[in-house]
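A.B. asks: Here are the chains, one letter per residue:
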Amino acid sequence: MSIFQTNRFVRFLRNYGPIPTNDNLFDEVIQRTLLRERIAPITLPVQFRDEILANLKSADPVSEILTGTAGDGKTYCCRSVWLACGGSETEWNGKSTVKTVSFDGRELIVIKDLSELAAEVSAPLLTRMAECVTSSDATTLFLVAANHGQLLEKLKATPKSAATIAMTQAVEATLVGDAVAPGVRLSLRDMSQAPAADMIGRVIEAMTNHPDWAQCEGCQAAGAGKCPIQENRDRIRGLADGDLLHRRLRALIMLSEQNGVHFPVRQLLMLAANLILGHPDCRDGLMTCADVPELAIKGTFDRASVFRNIFGENLPARRTEKIDLFRKLNAFGIGSEASRRVDNVLVYGADDPALAAAYGELVLNDPIYGGTSSYRRGQQDYLEGADTDARDEFLKMLRVQRQRVFFTLPDDRAEALSLWDLTIFRSGGLFLQVADLLAAKKTLPRNVLPVQVRGLNRIFTGMLLQTHDDLVLATSGSYSQSKTSPLLDEMISVPRKGGQKVELVANDTGGMVLEVRLSRGDDPGPIRLPLTPTRFEFLVRVSDGALPSSFSLECHEDLLAFKAKLLTATERERFLAADGDDETADDELVLQFIELDGEGQAAVRRVTVRL
Amino acid sequence: MSFMEILPRPQYQEDSSTGPQLWIDEQIWGHRLHDEQTPWLTMLEFLGILHAEHRQGRALSEARLNELTYRPQLQLRLRNLLFNNPHMAVVRASGKNDEGMWTQWLDLMSAGAGGLENKDFSYLRDRFETFKDFDAVVSFLQGSSIEGGGNKRWSSKFIFPFGVNSLYEDAKVSASGGVSTDRRFFGRTGEILYLMLCRSKRAADLAARLDNRLLKVEGPYDKLVGALQNTAETTVKERAGSYLPCSQYACFDHLAEDWIAVLDLEIPAYDALPHMVTLLGLHILLYQLARAAEVFPEQRKISLVCEIVSPKRSNVRELSANSYQQNNTLPGEALEAFVRLVADTPEWKSALASEEAGASAVEVLSRKFDWPERDDAEKVKASPDALLAELLKAASKRHKLHVGKFHATWARLIGLSSRRASRRTRYAPTDRLLKTLVICAVDGRMEFKEFLEHLHQRYGMVIGDRQAQDFIARGDADQENFSDNARWLEERLASLGLLERLSDSCAFVKNPFKRRFSRECT
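So the sequences go chain by chain: A and B. Following my numbering, the numbering of the first sequence begins with 1160 at its first residue and continues without gaps. Following my numbering, the numbering of the second sequence begins with 58 at its first residue and continues without gaps.
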């Protein structure tokens, strides 16, 4: 029996990773490789497949456009629909991009990738499609897959006719979320709206539970230690940590998605492969079976740390910056952001008896990626006043440890050690907790809404208000951009009062909006501010009185725009309340100045001017 | 020089021998582009003229070219109350009762107010219930002044243009109380702006909108300002002497269109104004460059290579600094070339050949540039070459004082240029400028690529790789440098809530505000 084995599946997996030529990520090529290598495919649920089939087979079917970002699995989905409609595997694997299949007396024309078609080919097809979708004929149906950009480009390149214009408008409207004009028999599904937070678990499961891992049994390439590939696989399977790593990863992805950042399936596959195989000392930053004995000799298994692989740190920085996936994950600043409490444990834990327990739990209990001998040595040197090089080296190691702690700190210790201080979203955990409570229609912790309201009040007035029972809607009298707004427009009660109310409500994508009601009726209706994690964080920090500049610009404008909306609504409200009359006397003007009382609460001072 | 349109110098100036001695910068750009007048002050000067002309029923229409005369408002009582009134704090701290405070303050004002014949402010007592109320209103209005932070003289401070009551001319008030117009901060750039818009194809459309949205509206705060001023004061003498050298120009039309696009947004006029200020700044800056380029026979097309500031530096920074540098020196080069062109004219050649070369040269230069005086005996004796050299020197020296600084100053003021993280100034638009460009250009939504192209076509801005083809072809930059630059812009706009990304390949720039009518021209 050979003690060094090569697992075909590990070699195959590499192709999903961040290698310079990751051809393998195209569905077509994957199918061929799997056949050749006799590997069972990694199967993932096909998003939209059932809905599309139900539509195509219904009494009143419409054509389908499947769009999304590169790597969302459009071709994969088309193929699956094709097979389910009776198309053959052989024909699918043939050269042609446009395929036709008949079923139930209907004809389905599948364009598996619109971008592959030259304009002179796509134009007549799209013209025909436009004619079909704008007529009442339901016997010819289309299923078209295209990236957003290509879709619009091809539509623009198609000769203008009433039908193509109607279809183009419908597509544009759907893409940006506007209502579609009636009479266009078209459904557009955007795969980039799929929740990647759910998908990551399935990707990891499919990848780590693949039957071909069995080939590793009996392999002794790692010598006395445990093969880092297996180690990483086990870590992300969550067998030992009760799925903790997976849950934290999921939290990051959810926060990103709530901020409007999308992770296509292809990137999730890349992430999972990188988690398992990442090691900076190997070719392309990814381990192969053959690398393992050498790493064992050098004793550098710890550098395969699954926790730094999450951020692509197994790759040269230059490359990591170029890869969209890692740019998104590094936006959290995990590793650079410091939680004072965590750093205390990591740096002084070995020496300080008060921290010993935490040190044992956070560092020593992970001899592979945590309390390694090199880490303990670096720490010792650092504390004993090592030279600059050694200090820099330790700070690098500290960065990796912070990354590890973020994914391993047990839930019950998270608050005490300020887990989320390890990210730039210090309120990230609170945001997710609030989102869950809202979705479950449960009561929120008492301080959540007041903090958000106080933040808004400070932005609205430009003053350091403490007020949080009322939303203080203020104006500057001149343009909205001015720094302070000393004039009161209206105080809007936060608890329900006379139709007024300010509250947080769940939205349909797992996030939340801040909703302001001015009256009981629908005119003016509720005014809503979608609270992304970034805005949530911004308001918390403004409320605390500390504001990092990186946040200030992007949110400030949004909030001023929200204020403008509120001002329009209060004006409408007063107009309706006055029953259309302009009640104010012509020869008098009343100004309401906002003043701060001793406690920082907003008080109002009325000044009358005779004109 | 025949290729450039240069209208004759206005009669008014020739007759009364007022106005500049040298007439060269003016022939290229008009009278005058003044670097010490900020875009905001240009807007205020413009609004003052607009209001004055509107009262005469001729807003944005010029009966004959370059014969504009107008009588702006003075509003000295208002100015004294807001900006020459250091007494409020003293009176407030005096601890007197309301009656006592009023009396003390009125006494102080009647001693200290400037430029007024009647220094009686007692009408204010009827307007306010208490002195404290009055105090609150004064400090509120002081807080809404335009660029009020500087230590300008009080008579050159301005309040936000709430409406017609808030408009007045820059003035000098001497210690003895004499009021004069020294054009220190209203340096006629507002007149240039006014004439540009008069001569745009859409002058009438624009005039109607300015009337509806700015002049006609009697907003509460403008009424408040009116109550402080009591009755409007207007200058006694007509202001004259404005001059713009061309009767039409593409950028006049662009500016009018852009202003109309902003005025048609469903936002309060107050909020439209800052965007209009930014746009007038951009267009006048481009006008200066475009006219300068006209002097050169090869007619360079103006381009502004813009770096979108990012955490990573690339050679786009270098290129945008070069582009800035080139444009910054272009007006000065144009001025010199413009003067030198005289040497190629038949008049000059025949003057040189004539017996009295000196006198003939003086005659030619004087006809073209109003310099030197025809009876300047010393100049007549000089050689024509020396004379031309002297003229060049004088013209160049004068140019450097103000017109030559215009591009640098205004580019910074409108947020087009920056020295952030670099020693060299470069074009690096700020978020505020970007926002103005978006809300001006976009109707509802526009594909990002189209937006980049629009910025290029209309303002010469080079941001993405498609627009930078020339630089890439010359080998000065990689495709990637500029495509990264465009990506940074995409990210900036997204973070400003002005862009929706659908995927790597496609994004829409969104205008958060609705427009009443869609833009007719792009």
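Simulated from the structure, these hints should not be mistaken for lab results. Fair warning: there could be bad hints in the mix.
Unchecked claim - Covered by chain B, per the in silico footprint, the following chain A stretches (three or more residues, Cβ under 8 Å):
(1) 1400-1412
(2) 1714-1725
Stated by the list, open to error - A partial selection of chain B residues facing chain A, derived with a Cβ cut-off under 10 Å:
(3) Asp183
(4) Asp190
(5) Gly200
(6) Ala284
(7) Trp405
(8) Lys406
(9) Leu409
(10) Trp545
Quick reminder that beta carbons are idealized off the backbone N, C-alpha and C, glycines included.
A.B. asks: Hint by hint, which ones does this structure get wrong, listed from lowest number up?
C.D. replies: Per hint list: 1, 7, 8, 9 and 10 violated.
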